[in-house]
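Assemble the whole structure, with the sequences as input and the hints as a guide.
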Amino acid sequence: MPEQAPIEKQEYNITVYTENHVGLLNRIAMIFTRRKINIDSLNVSPSEIEGIHRFNIVINETEEVVSKIARQIEKQVEVLKVYFNTNEDVIWQEMALYKVPTDIIAEKAKVERLLRENGARAVVIRKDYTVFETTGHREETDNLIKVLQPFGLIEFVRSARIAIIKGSDGFNRKLREFERAEPGQDAIENEFLNSRDNVFSM
Amino acid sequence: MLTQEKQAPALPETDTMISGSQALLHALSVEGVDTIFGYPGGAIMPIYDALFDFPGNMKHVLVRHEQGGIHAGQGYARASGKVGVVFATSGPGATNLITGLADALIDSTPLVCITGQVFAHLLGTDAFQEADVIGITTPVTKWNYQVTDATEIPEVLAKAFHIARTGRPGPVLIDITKNAQLQKFPFQGYKRCDHIRSYRPKPIVRKEYIERAAELINSAKKPFVLWGQGVMLGAAEQEFREFLEKSGIPAAWTIMGAGALPSDHPLNVGMLGMHGNYGPNVMTNECDVLIAIGMRFDDRVTGRLDKYAKQAKIIHLDIDPAEIDKNVKTTVPVWGDCKETLPLLTQLVEKKQHTEWLAKFQEFEQQEIDAVIREELFPTSGEMTMGEVIQQLNELTKGEAIIVTDVGQHQMVACRYAKLNHTRSNITSGGLGTMGFALPAAIGAKFGAEDRTVVAVIGDGGVQMTIQELGTIMQSGVDVKILILNNQFLGMVRQWQELFHERRYSFVDIQSPDYVTVAKGYGISGRSVNQRADLNDALKEMLEHPGSFLLEVMVTKENNVFPMVPQGCSVSEIRLK
Ligand SMILES: Cc1cc2nc3c(=O)[nH]c(=O)nc-3n(C[C@H](O)[C@H](O)[C@H](O)COP(=O)(O)OP(=O)(O)OC[C@H]3O[C@@H](n4cnc5c(N)ncnc54)[C@H](O)[C@@H]3O)c2cc1C
Ligand SMILES: Cc1ncc(C[n+]2csc(CCOP(=O)(O)OP(=O)(O)O)c2C)c(N)n1
Ligand SMILES: [Mg+2]
Chain A
125 MPEQAPIEKQ
135 EYNITVYTEN
145 HVGLLNRIAM
155 IFTRRKINID
165 SLNVSPSEIE
175 GIHRFNIVIN
185 ETEEVVSKIA
195 RQIEKQVEVL
205 KVYFNTNEDV
215 IWQEMALYKV
225 PTDIIAEKAK
235 VERLLRENGA
245 RAVVIRKDYT
255 VFETTGHREE
265 TDNLIKVLQP
275 FGLIEFVRSA
285 RIAIIKGSDG
295 FNRKLREFER
305 AEPGQDAIEN
315 EFLNSRDNVF
325 SM
Chain B
8 MLTQEKQAPA
18 LPETDTMISG
28 SQALLHALSV
38 EGVDTIFGYP
48 GGAIMPIYDA
58 LFDFPGNMKH
68 VLVRHEQGGI
78 HAGQGYARAS
88 GKVGVVFATS
98 GPGATNLITG
108 LADALIDSTP
118 LVCITGQVFA
128 HLLGTDAFQE
138 ADVIGITTPV
148 TKWNYQVTDA
158 TEIPEVLAKA
168 FHIARTGRPG
178 PVLIDITKNA
188 QLQKFPFQGY
198 KRCDHIRSYR
208 PKPIVRKEYI
218 ERAAELINSA
228 KKPFVLWGQG
238 VMLGAAEQEF
248 REFLEKSGIP
258 AAWTIMGAGA
268 LPSDHPLNVG
278 MLGMHGNYGP
288 NVMTNECDVL
298 IAIGMRFDDR
308 VTGRLDKYAK
318 QAKIIHLDID
328 PAEIDKNVKT
338 TVPVWGDCKE
348 TLPLLTQLVE
358 KKQHTEWLAK
368 FQEFEQQEID
378 AVIREELFPT
388 SGEMTMGEVI
398 QQLNELTKGE
408 AIIVTDVGQH
418 QMVACRYAKL
428 NHTRSNITSG
438 GLGTMGFALP
448 AAIGAKFGAE
458 DRTVVAVIGD
468 GGVQMTIQEL
478 GTIMQSGVDV
488 KILILNNQFL
498 GMVRQWQELF
508 HERRYSFVDI
518 QSPDYVTVAK
528 GYGISGRSVN
538 QRADLNDALK
548 EMLEHPGSFL
558 LEVMVTKENN
568 VFPMVPQGCS
578 VSEIRLK
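These protein sequence lines map, in sequence, to chains A and B. Heads up: the first sequence begins at 125 in my numbering, then just goes up one per residue. Heads up: the second sequence begins at 8 in my numbering, then just goes up one per residue.
Read the hints as simulated data drawn from the structure, not as lab findings. All C-beta atoms in this analysis are idealised placements derived from N, C-alpha and C, irrespective of residue type, glycine included. Please note: incorrect hints may appear among the correct ones.
Claimed, not checked - Here's a subset of chain B near chain A, in silico, CB distances under 10 Å, partners left out:
1) 103
2) 151
3) 152
4) 153
5) 175
6) 203
7) 327
8) 332
9) 333
10) 495
Structure, rendered in structure tokens:
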């Protein structure tokens, strides 16, 4: 942890590498609920390594709270590793789907232009409705809602955030270390020595 | 008497068909389990059936309530340093374990609890005695797992024991569906677990930190050690003592750490925290280097955090990285098992004596003796005090007994004044503060340390929470000395009402049954005294009695425990009255 942790709340992206274990989602979620912290976004997916899952969790908190939470998560037996990063340190995306009446879209050429400007792409086109998809940051997907609202937006849904850490080398090498009974010092980072990595722990 | 070497039954040969239940019992026996505390029921019947004629001499103690069972498991673990094992059935049997799991988690007590569960095909159907045990126990276990197939049992049990006892220890619960208990499978042997790739019980110690810590210690003028249960959990009592004796630093304890260094060691300056000693609390805000060893800066210890040891450089030796910087920001974090970090530190610290600094603690002690202790331990008139009972007990046991305490005023008094010569001799519910803990925990402690005298010090409130465990004592014949300090009040709450709620004694006036008669009903001898003149004789009778004995001592009703750091105050605002 840097000496002077910022005290304001901001968005943090918590990345968790875990074993595939029934009940682990609950165990991790409880770490937040117990402290009455709202999870803004949660995505669980496979990772670059077979059998290892990756959680992407977004919360709005101070660095101090996030770092404590990260340690509590990493303490869970099936958790391999936890990282936390601000938005600047990650590449992140969310995907959104929009359902609009096809007749209106077809009638108004303007709509098509707006969609193109917003990077949207048609996924399904039917007689009665069309589903568009766009991927981007929150403001971008939000923006398209506003754009489509006047044209009879029927349904909207946005996915959880997924994020890639800019400075990460992936998890393969670390995992091999973890598999050894006596991992080298590299894997057993000491948070207190690697303070600038935002990597917490072992 | 010849004690027979405990012989574990031979493991079945590879590919022998055995049931999940048998596999479980073999796992326990390879793990060295000698005592199980449990209570049967429908969903765990196949395991009990296998236990009925399981070879070897694994004992099963039939408790009277699953909460009693798990507290007994905790007492066993705390006294012996081994993993406590508890059996319970599904549904209500399992939910009765929750308090004990929460208690064991917060106090880092190693347990493996086995619960029966409905058949796998019935999971989620609201079957008879079905409860979502994994869901309910997730926040109160270090790890839990549901077994639905017998072939998983050996590996899961091996993991369970490894996780329970290593790193920062804690409770593990394994929920086994009835079909898995019954299912026969070709046994493939039992391999103890010593590595789980996602689990690092302790880090490799970084020498840089040891060096920085040693530099700070060597240049300190007023160093002060605070130690906690971690010293015992790491079995580092000897290493701790060597560190202290070389560095000459005065050391104070949390109630969970009491006994890791004998009470009368010259560097032992007493108890920390809300009801701790005067000197250690005041000096926390006077020292220049504070060395915390295996303690987690609980709020009962620190009082108000923004006024806690702000002047000091802080060195924190802890095995759990989540504890470092959690409550108190450290200058030098020494992350690791103190069994390893302490000797490294001892090598680098200079041999010293801090005579003048130590003398300051003695001055404060004298003030505390004059203001509080003399009157509490050696009153000559008036009704009896809790302190004098503990003082006389000390004289009779000479500090050799294991003292198990419940929660309340008597707990604070017993922790403050009990003389402890040995480690693992003070067993109490610290983090959760569970009333009803002491009686069953004392039963477990006796099974875990059969050659020691075990005295349970309990209040008139707490004893009524798990009094049914007298039945366990009766049936198992275990020798536990039960000392009830009866102030006819929920005393600790009454004290707060007196001090902070204008003496509005709201529902703290608790009545007691005739304890001696109750004990008699269970075939346990007992006595009740209300005169100072009888106290010594009664204590002697209790201690010399062959087998369990219940002694009720009527003590003064409205005594308060002092010193006290009132909630929300800093440790230097400790009150002597
Ligand atoms: C009514 C009441 C009043 C109380 N008043 C007081 C009071 O006045 N004073 C007081 O002290 N307590 C008091 N308590 C108890 C208090 O609530 C805490 O339970 C207690 O202070 C915790 O002590 P601890 O930190 O030593 O132990 P634990 O909570 O057991 O913590 C142990 C620490 O050691 C670490 N550790 C474990 N193994 C190792 C290892 N191998 N190497 C290094 N570190 C390790 C753990 O990670 C943990 O941080 C009171 C409780 C009650 C119910
Ligand atoms: C299960 C539980 N319920 C309530 C409390 C709150 N509580 C703490 S101390 C105490 C009073 C204990 O009374 P008693 O057992 O008579 O001990 P005394 O303080 O009188 O020595 C109570 C009610 C608790 N710690 N545990
Ligand atoms: Mg009482």
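We went through each hint and held it up to the structure:
1. 103: Since the shortest Cβ distance to chain A is 21 Å, the answer is violated.
2. 151: Residue 151 of chain B check passes; min Cβ-Cβ to chain A is 7 Å, inside 10 Å.
3. 152: holds, 8 Å
4. 153: Since chain A brings a Cβ to about 7 Å from residue 153 of chain B, closer than 10 Å, the hint holds.
5. 175: Cβ of residue 175 of chain B sits 8 Å from chain A, so the hint holds.
6. 203: holds, 7 Å
7. 327: holds, 7 Å
8. 332: With Cβ-Cβ at 7 Å, under 10 Å, it holds.
9. 333: holds, 6 Å
10. 495: Constraint on residue 495 of chain B not satisfied, violated at 38 Å.
Hint compliance for this structure: hints 1, 10 are not met, and every other hint is.
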